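Trainee: Residue 1 is where the sequence shown starts when you use the numbering used here, and the numbers rise one by one after that.
Do not rely on the hints blindly, as some may be mistaken.
[Stated by the list, open to error] Calculated pairs, BS3-like style, for lysine-lysine (alpha carbon to alpha carbon, straight line, at most 25 Å):
{"no.": "1", "residue 1": "144", "residue 2": "112"}
{"no.": "2", "residue 1": "94", "residue 2": "115"}
{"no.": "3", "residue 1": "94", "residue 2": "147"}
{"no.": "4", "residue 1": "147", "residue 2": "115"}
Think of the hints as simulated: they come from the structure by calculation, not from any bench.
All figures in this text were calculated on a predicted structure; none of them were measured in a lab.
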Amino acid sequence: MLATSAMRCAARAASSALRCNQISASSAFRNAVHQRVSPMDTQLNFVAVHRELSTSAKRTPNTEEDVSVGTAFDGQSDGRVGELLELIEQSRVKQDSDLGLEQLLELYDILKQRKQQDSDVFETVFGIARIYDDQLEDGATAVKYYKEALEILEGISTDVTVWGDYMRVTTLGALAVCYENLGVPDEAEQYFEDAIGAYEEHCDQAPEETDVSDSDISLLADLNATAAMIHYHYAGNLLGQDRWEEAKNVTKIALVLAENSSMPEGVLGDLQQCIHELWVEMD
């Protein structure tokens, strides 16, 4: 079913995007201290975070119920959805982003005909935004689709779930980094604050550990990694405004979150080195 496979792909994609190109990000931070410019000029490409994170992160009965692709469609539409899913996967394997985008856009046209929007539609729109952001480097169009994805997510996430919180934080973070890359730091700052606020709200509402499934625990570890990189990017935004002390405090939070997450050891080491070097430069 689309709901299950798309969920798995979206969770991996959102989590890996925040962490790619760590070395260039580290250099950008060091340059920012001397040049007083935002390190976002050469930093991470947000949308490439979920790819390296947990491959098991997906919707479960404890987060969201699977929704059949055929819901509210006639047989012809349902059949075309199945064909498109196969074609999209083939395009992904071939790394043909142009064709994959064309297929995703057609899928979106079909899915949004549903009387009620659901997670399938969100995953499709989020995937479109990812391609524009990560592969085509078209930040303005990526922003358009991230906002559509966020609007859909707000409509379907009526109950508090780990998956819903995870994707909300990730989508807000993606919007923040897009605006930073587009040279709109004020808008970026607002989305950084919204993303961090959504993460903190999740922490306040999180159930007791005994009430959390193994799958959700894995997703929570991914969420910490995502939140760590959002704080890291936000520090770059603050540096660009000469808000040095605030930036230092935010990097401290990023480090704590990263050290208590699913972030791979090598990436964590790069992040730790980058932040510690930044602190030395700031002292």
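Trainee: Hints first: check each against the structure and report whether it holds.
Mentor: For each hint, the structure was consulted:
1. For the suggested pair residue 144 and residue 112, the alpha carbons sit about 16 Å apart, so the restraint of at most 25 Å is met.
2. A threshold of 25 Å between alpha carbons decides the hint, and for residue 94 with residue 115 the separation of about 34 Å lies outside it, so the pair is violated.
3. Taken as a hint, the residue 94 and residue 147 pair is broken in the structure, with Cα atoms around 28 Å apart against an allowance of 25 Å.
4. For the proposed pair residue 147 and residue 115, the alpha carbon gap of about 20 Å is at most 25 Å, so the pair holds.
When held up to the earlier numbered hints, the structure conflicts with 2 and 3 and fits the remainder.
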